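A.B. asks: Residue-level listing of the chains:
Protein chains: 2
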Amino acid sequence: MSSSTHSVVIVGYGGMGSYHAKLILDNTRLKVTGTFDVLASRREASQNDGYPAYESYEAVLGDPAVDVILIATPNDVHKELVISALKHGKHVICEKPVTMYVKDFEEMMAVAEETGRVLMVHQNRRWDEDFRIIKEMYDKKTIGDLFQIESRVHGANGIPGDWRHLEAYGGGMLLDWGVHLLDQFVFMIDSKITSVTSRLSFILGDEVDDGFDAVLEFENGVTAIVEVGTTNFITLPRWYVKGTEGTAVIEDWSLTGRSVVQNHEVGKIEPKPIKAGVGLTKTMAPPSEEATLTEALPKAFEHESSFYDNFAAVVEGTAEPIVKNSEVLRVLNLIENVFKSARTREVIKDFDTYEPKK
Amino acid sequence: MSSSTHSVVIVGYGGMGSYHAKLILDNTRLKVTGTFDVLASRREASQNDGYPAYESYEAVLGDPAVDVILIATPNDVHKELVISALKHGKHVICEKPVTMYVKDFEEMMAVAEETGRVLMVHQNRRWDEDFRIIKEMYDKKTIGDLFQIESRVHGANGIPGDWRHLEAYGGGMLLDWGVHLLDQFVFMIDSKITSVTSRLSFILGDEVDDGFDAVLEFENGVTAIVEVGTTNFITLPRWYVKGTEGTAVIEDWSLTGRSVVQNHEVGKIEPKPIKAGVGLTKTMAPPSEEATLTEALPKAFEHESSFYDNFAAVVEGTAEPIVKNSEVLRVLNLIENVFKSARTREVIKDFDTYEPKK
Chain Y
1 MSSSTHSVVI VGYGGMGSYH AKLILDNTRL KVTGTFDVLA SRREASQNDG
51 YPAYESYEAV LGDPAVDVIL IATPNDVHKE LVISALKHGK HVICEKPVTM
101 YVKDFEEMMA VAEETGRVLM VHQNRRWDED FRIIKEMYDK KTIGDLFQIE
151 SRVHGANGIP GDWRHLEAYG GGMLLDWGVH LLDQFVFMID SKITSVTSRL
201 SFILGDEVDD GFDAVLEFEN GVTAIVEVGT TNFITLPRWY VKGTEGTAVI
251 EDWSLTGRSV VQNHEVGKIE PKPIKAGVGL TKTMAPPSEE ATLTEALPKA
301 FEHESSFYDN FAAVVEGTAE PIVKNSEVLR VLNLIENVFK SARTREVIKD
351 FDTYEPKK
Chain W
1 MSSSTHSVVI VGYGGMGSYH AKLILDNTRL KVTGTFDVLA SRREASQNDG
51 YPAYESYEAV LGDPAVDVIL IATPNDVHKE LVISALKHGK HVICEKPVTM
101 YVKDFEEMMA VAEETGRVLM VHQNRRWDED FRIIKEMYDK KTIGDLFQIE
151 SRVHGANGIP GDWRHLEAYG GGMLLDWGVH LLDQFVFMID SKITSVTSRL
201 SFILGDEVDD GFDAVLEFEN GVTAIVEVGT TNFITLPRWY VKGTEGTAVI
251 EDWSLTGRSV VQNHEVGKIE PKPIKAGVGL TKTMAPPSEE ATLTEALPKA
301 FEHESSFYDN FAAVVEGTAE PIVKNSEVLR VLNLIENVFK SARTREVIKD
351 FDTYEPKK
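Protein sequences, first through last, are from chains Y and W. Using the UniProt record's numbering, the letters of the first sequence correspond one by one to residues 1 to 358. Using the UniProt record's numbering, the letters of the second sequence correspond one by one to residues 1 to 358.
This is chain Y alone, in the form it adopts within the complex (with noise of 0.2 Å):
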């Protein structure tokens, strides 16, 4: 094993797995050595892609020669993998959700714990460049303080793949998307979570939710509204901030986006009475041109290295991890509550874990 390069199995070759394969081409500290997938056709797919493919996860696990294990199988076999390839020596990447409960994922941090191995969930999506343009927007208050974050992932297309569907695997929207957004909320405000509720959706009649909504109060005010839906034929913008000086958005992957603030330049000016519907209003009027700014979004907040990056570090001893244990098990248990919300129709209160940074 040398302190440059470690060898990388992928374990669950289907869409995210040889995903990861091609990522880590780029990287040059992993290097994917062979993968595993109990599908044949998949196995020949690896093959194919120029990955050896073992013949069966043991083989995997008793082959000195391989430092990490990546995994990126169906939910529901996390834990069972994950613990393995941490007794058997293995670092571990694991996909997200790392498990459906908190006790499962407690019981993981416990192994990697006692074996002394890096165990790190592969919450990527805390590098997309709109997400850390809303985070240096609250890090440096470009338009004030952020006091209600609202983020969607709409999509028209409903529940993708094949076990996505099924809620003994860990499927659902909540389970896919849902980790993501709620795991960019965890780790960009550093407070506790006073309150949830949310609705899930059942539209397309699947067994699982094909998308929901979760509204988290935080202690120091801010609200996050967090919405994904796989029956929007028509998108509402990816991000949409309002600030004490002003709103924000940015409408989708693409980045488009823009601040409209207000101009302290100016005096208080008047807006003009427009016709709505069958009435007058100057409530909802725009602010006129001159009482407002329209400002580029700034540049996004910059991680200190990339996800595989920071692993590697984290494994070589020389780096903390960007992905804490601690933050996954908080967002596992802000998923438990956006469930239970959802069942009930109540309001959740009094369940974060949140300990204070240091």
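Worth flagging that the hints you see were computed from the coordinates, not collected in a lab. Wrong hints could be hidden among the right ones.
A pair counts as met if it fits within one copy or between any two copies, since identical chains are not told apart.
[Claimed, not checked] Below, computed lysine-lysine pairings styled on PhoX-like, alpha-carbon distance capped at 20 Å:
id	residue 1	residue 2
1	Lys275	Lys22
2	Lys22	Lys282
3	Lys324	Lys192
4	Lys22	Lys272
5	Lys135	Lys349
6	Lys282	Lys268
Just so you know, these numbers come straight off a predicted model, no measurement behind them.
We have chain Y; now place chain W onto it with these hints.
C.D. replies: Frame of chain Y, contents of chain W only:
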């Protein structure tokens, strides 16, 4: 008193009062014959506009030539003024919100009943064309059954005017725009509200809400999201509605909008994955062009008559009111529960006084 022209005195000659005077100019069955306001400056404005100003409310009540009193004062004095008017044999049009509490309106309804006079609340935004387009889509299922209807009114000018900043006068945006938006839903959706969840906004530091959002769930499966904001420098669409066959949007008061629906002429077309942040997504890729049809919005639902003509016909005994007091009462009860949900941060259930329409 002629059956074709009813003389109207406007009480409260501010923004709405003077707006009524202008609108009634075009109506053949009502005629504004005078006004009363407690402020000398507004009595003067009325005289300048050609409407004689009474010296006191008692003078209006005592004038046998007055058929109708139209109340456009701050909200806190509606009840007293309306009850006096009814007891003096006048028919009454009252601005919204008619009162702040259910019990007050129940007293007013009882007096209308005893005196045999007509009391109608000016819920004029039932006539807004944007709303009537959505009602047409709801009734005619132009994009299938609507299951989520989002109604937003966004401005960036703060709370308007003077008394609307003060709790004692019935200020705040829930009682201003909120009562219209909630009334539209109660009018449109013939189903019991099973829950309401809401949050009020106090960003501007006023003692009353500068905006709110509320989620209403109806027994028939429809969810309504209602939002009013006065700190939104960028606006979200006025209407965003999801149906079982597609999605529709009305951007703003100009009625710019469209529907996008599934194209049943073509089979299922797999979307092409797109780059989204650091990942690829098929789920959140746009449906391929062939898979959808973009359509214009339908023509708006048409009421049988205008608000004023309907009022005149109700006075003459030839029509049922379009704005029924039972509906107004239901909206007031809903508003009380919106306040309650925001105050307690709870989902409120089992409060709606719905009775199925005959």
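A.B. asks: With reference to the structure, classify each hint as holding or not holding.
C.D. replies: Taking the hints in turn, this is what the structure says about them:
no. : hint            : result
1   : Lys275 x Lys22  : between (55 Å within a copy, 14 Å between copies)
2   : Lys22 x Lys282  : between (55 Å within a copy, 17 Å between copies)
3   : Lys324 x Lys192 : within (17 Å within a copy, 46 Å between copies)
4   : Lys22 x Lys272  : between (56 Å within a copy, 18 Å between copies)
5   : Lys135 x Lys349 : neither (25 Å within a copy, 37 Å between copies)
6   : Lys282 x Lys268 : within (14 Å within a copy, 47 Å between copies)
Checked against the numbered hints given earlier, this structure breaks only hint 5.
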